[in-house]
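Each chain, letter by letter, is given below.
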Amino acid sequence: MRSIKLVAPALAGVLALTLAACGSSSSSSSTPSGIKVAGGIQTPATESLTGGKKGGTLTVLNHEDFEHIDPGQTYFSIDYEAMYATQRPLYSYKPNTFSAVTPDMAESAPEISADGKTVTVHIRHGVHFSPPVNREVTSADVAYAMDRGTNPNVANPYYQGYFSSIEGAPKATGGPIPGIQTPNKYTIVFHLTEPQGQIVADALVLPVSAPVPEEYAKKYDAKSPSEYGNYQVATGPYMFKAESSGKVLGVGYQPGKSATLVRNPNWNASTDFRPAYVDQINIQIGGDTNVIGRQVLEGSGMVQNDTPAQPIVRLAYEKYRSQLQISPGAGDHYVAINNSHGPFTNVNLRKAYWAALDREAMDKVRGGELVTNVMTHFIYPEIPGFEQAGGLAGPKVDYNEHPQGNMAVAEKYMKLAGYPSGKYTGSATVQVVGSTGAPAPEDAQIANQALQNLGFKTKLNLVDQSVMYSKYCGVVKEQIDVCPNVGWVADFGDPQAVLDVPFNGKLIITNGTNSNWGLVNHAQINTAMEAGEKVVGTGARATAWAKIDNELVNEAVAVPYDWDKQPNIESSNVVGVGDLWNIGSWDYNYTSLK
Amino acid sequence: MSIPAAELLPGSGGEGLEYLDLGGAIAARSPTQLFWRRFRQDRVALASLGFIVFLVFVAFGAPLIVKALGLPGPAVENPNLTDSFGSPLGPSAAHPFGVDQLGEDVMSRVIYGTRVSLEVGIVGTGIATFIGVVTGVLAGFYRGWTDTLLSRLVDVVLSIPILLLGLGIGAACAVRGCVGGAVQPGVGEILFLIAFANWTYIYRIVRGLVLSLREREFVAASRALGASDTRIMFREILPNLVAPIIVYSTLLIPLNILLEASLSFLGVGVRPPTASWGQMIAAATPIFNTAWWYMVFPGAALLLTVLAFNLLGDGLQDALNPRIAR
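Protein chains in written order, with my numbering: chain A, 24 to 617; chain B, 5 to 330.
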């Protein structure tokens with residue numbers, strides 16, 4: 024899961040869904056997953072990817088700074104926007120899909136062997152690094168990029184999660200990794216110890232697969248932490264503005280202040296599918312989100328990059344609707360409930376809580392239907408398996424059928440749980456840990472109120488979001504009962520990327536930061552996931568993981584409440600194009616000026 | 005004790021001198037009467053006192069007042085009172101101060117918020133004052149190593165930025181509490197912080213006065229009569245400190261109310277669903293453009309309360325210590 028600050032989710036997959044691109048300026052539009060968006064508002068499904076005007080400078084206003092600019096380290100939506108404009112991983116997504124990948128640095132789709140233990144990728148000819156390297160990219164550069172993902176100085180955050188099945192990867196500290204072979208200049212082969220070819224192939228959309236020239240980067244990677252990001256070279260249409268030596272820091276990137284992306288002189292449009300309309304992208308960092316929002320709506324040539332403040336979204340909807348863009352499939356939020364300790368080890372108590380919770384109210388405090396959908400199961404829109412798992416309506420179980428909460432259904436399950444009065448009469452005090460920063464406290468209070476309505480004594484505490492994850496909800500020994508503000512962003516468009524880490528009991532981490540916040544550890548689900556990991560083929564995987572999703576609902580492992588939709592705003596003379604991936608952020612490669 | 009006025013005059017036996025006939029006994033005014041005579045002339049201070057009495061009444065009678073006004077409880081959520089964007093609805097007859105993002109009645113929460121502010125202001129100040137008085141009297145009376153030890157401790161405590169300390173304690177005690185669970189998140193944590201930091205101000209004032217008073221004749225007389233140290237400190241010296249203690253404590257109350265509001269604003273003070281003005285102001289900040297009422301009413305309550313305590317403190321200062329009156 025990538026870092027998300029105010030919203031949620033995003034990356035790869037292989038299922039090719041047909042775009043249901045409908046809608047006009049006067050009626051509502053819907054996305055491939057059927058998410059409706061009010062008329063007049065742009066969505067990735069309605070935006071044209073072609074025909075933009077070439078030239079001009081786009082100004083991006085960011086409240087937040089980048090976390091990393093090194094492709095081996097980036098794991099944050101704001102980082103990704105610049106990363107996918109400057110670097111070319113083996114595969115990537117076009118803005119209007121989160122289910123079909125496009126070969127990027129790769130020449131064609133990955134070849135997965137029948138036993139699922141070998142993945143072969145052929146890379147493009149004629150792609151060159153930006154100055155000062157200038158030479159053509161080869162498979163060795165991709166291999167080095169993958170190797171350095173295991174380098175402690177790079178400390179890639181997801182490598183072991185998706186690539187640990189590569190031979191030698193688990194123990195590698197920078198490579199060369201025996202399981203990554205380059206038989207020729209344009210071919211790279213991944214040899215795996217487990218039949219997990221599909222998930223490895225899917226994960227090649229992640230930035231770590233973007234080529235890095237070893238002879239240039241090695242000296243920077245030797246430093247701790249690696250300084251390659253500050254001297255990086257590009258393969259994409261843009262590059263961070265740099266000195267002739269390649270130095271970016273202080274030139275094209277001033278932390279906390281600004282960044283400048285200029286055209287990569289070595290980029291050859293014939294090798295790329297991106298149009299790259301604008302000539303330059305000036306990114307300004309810092310400022311109040313309300314102020315930024317007004318500047319963008321009333322100004323010229325600007326987009327706001329991070330999530331606009333709620334009043335700004337409303338203002339845009341009411342007065343500047345054509346400048347508002349909504350991207351569905353921006354991840355999810357759910358209430359994690361402790362399945363392994365405390366009162367909620369009882370499945371009927373979990374179902375009672377699900378039934379009692381006013382999920383619609385929780386979504387309302389997040390901005391209402393414009394930016395949310397009531398979450399009814401765990402695979403989220405735009406991810407393969409969403410429809411098979413129940414689509415928007417979700418599985419037909421009584422505790423899921425009342426988004427506003429239903430105490431009668433809740434009391435039914437309380438009685439089944441052994442509380443004849445329909446109220447909890449045990450002695451446990453439920454520890455609830457939520458996060459600060461609107462709208463999380465309001466959601467936490469609604470979740471807390473629902474517990475009290477069921478008769479629980481509760482103790483609600485709100486802490487900073489990072490503290491919530493790193494000190495409480497993500498720490499097994501803390502045994503927090505309820506975490507109402509957790510959310511998930513898929514790293515790529517595959518259902519395993521949505522369900523595996525947060526709900527697989529085998530992935531509970533007891534000596535570090537755990538992302539299975541509900542300590543979900545049910546044998547039948549673990550077994551199903553183990554089988555699902557080995558399924559090859561997008562359709563088959565969607566079906567297999569949709570069944571797992573249904574199991575999760577049947578066990579009420581958590582209470583889902585919000586499928587996020589990402590609002591984006593632009594100035595009136597900007598033709599912004601948002602993504603269905605990368606939590607729905609703007610895509611610099613497709614955005615143009617009028 | 006009433007003394008006939010004539011007895012106060014020299015030569016009241018009447019030999020060789022003529023005196024005015026004052027027409028009977030005149031009662032001398034007690035210190036309390038003198039204080040009240042001066043205090044009641046300060047209309048601003050009186051009004052402030054009246055407002056504070058009103059606040060105390062509101063705090064104690066919050067449930068009854070809310071019920072009498074026909075308002076929902078402070079933690080009653082009603083999503084139907086927010087629009088389709090989740091924005092709260094403004095003031096209306098049913099909700100005179102409007103509602104918040106959860107559809108909770110702002111007036112009800114402002115009324116209940118009085119409880120937290122007064123609890124923190126008065127109880128916290130009381131604890132800090134008690135510690136400050138006891139340690140100040142001990143340091144001033146005994147001097148020597150007791151004074152040195154306590155005064156250096158005070159120097160250390162005063163050098164700690166209280167807001168940062170509050171943030172630190174808030175983070176450290178966030179979920180499980182700290183000091184073996186003695187300090188719990190919320191009001192308990194704030195009371196601890198106030199007691200820890202604010203006793204030092206009272207200590208310094210009391211110590212200085214005791215250093216002076218211990219040299220006075222009435223102390224020497226008590227000692228000569230065989231009074232114990234404890235009796236001298238707390239029966240002879242302490243009553244002389246009541247006026248400054250009252251004045252400075254009163255001035256500490258608004259500071260502590262503001263501290264609570266600041267910590268709650270920063271997210272480490274009182275926890276929801278308990279109503280606190282600072283927390284309400286914090287929650288209102290992101291939506292101020294569309295829901296002004298959510299910030300204005302708790303803000304006004306905070307402003308008026310702090311102002312009232314400050315003006316009362318000034319009034320008490322003038323009434324109890326007329327020599328330094330403005």
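Take these hints with a grain of salt, some might be off.
[Stated by the list, open to error] Cross-link-like lysine-lysine pairs, in silico, DSSO-like; alpha carbons within 30 Å at most:
{"id": "1", "chain 1": "A", "residue 1": "Lys446", "chain 2": "B", "residue 2": "Lys71"}
{"id": "2", "chain 1": "A", "residue 1": "Lys77", "chain 2": "A", "residue 2": "Lys140"}
{"id": "3", "chain 1": "A", "residue 1": "Lys557", "chain 2": "A", "residue 2": "Lys194"}
{"id": "4", "chain 1": "A", "residue 1": "Lys208", "chain 2": "A", "residue 2": "Lys242"}
{"id": "5", "chain 1": "B", "residue 1": "Lys71", "chain 2": "A", "residue 2": "Lys482"}
{"id": "6", "chain 1": "A", "residue 1": "Lys208", "chain 2": "A", "residue 2": "Lys419"}
{"id": "7", "chain 1": "B", "residue 1": "Lys71", "chain 2": "A", "residue 2": "Lys480"}
{"id": "8", "chain 1": "A", "residue 1": "Lys246", "chain 2": "A", "residue 2": "Lys264"}
{"id": "9", "chain 1": "A", "residue 1": "Lys438", "chain 2": "A", "residue 2": "Lys494"}
Just so you know, these hints were derived from the structure itself, not from any lab.
Would you check the hint for A/Lys557 and A/Lys194, treating anything up to 30 Å between C-alpha atoms as holding?
23 Å, holds
Just to be careful, I want the Cα atoms of A/Lys77 and A/Lys140 compared with a cutoff of 30 Å; is the pair within it?
Distance of about 44 Å is beyond 30 Å: violated.
Holds or violated: A/Lys446 to B/Lys71, with C-alpha atoms at most 30 Å apart:
Distance ~26 Å between A/Lys446 and B/Lys71 Cα, so the pair holds.
Pair hint outcome, A/Lys246 versus A/Lys264 [Cα-Cα no greater than 30 Å]:
Answer holds: A/Lys246 to A/Lys264 is near 23 Å, not above 30 Å.
Pair hint outcome, B/Lys71 versus A/Lys482 [Cα-Cα no greater than 30 Å]
Given pair B/Lys71, A/Lys482 holds - Cα atoms ~26 Å apart, limit 30 Å.
Restraint status (C-alpha distance of B/Lys71 to A/Lys480 at most 30 Å)
Answer holds: B/Lys71 to A/Lys480 is near 24 Å, not above 30 Å.
Hey, A/Lys208 versus A/Lys242, does the alpha-carbon distance stay inside 30 Å?
At roughly 23 Å apart (the allowed maximum being 30 Å), A/Lys242 and A/Lys208 satisfy the hint.
Take a quick look at whether A/Lys208 and A/Lys419 sit within 30 Å of each other, Cα to Cα.
53 Å, violated
Check whether the Cα positions of A/Lys438 and A/Lys494 lie no farther apart than 30 Å.
34 Å, violated
Taken one by one, the earlier hints fail for this structure at numbers 2, 6 and 9, listed in ascending order.
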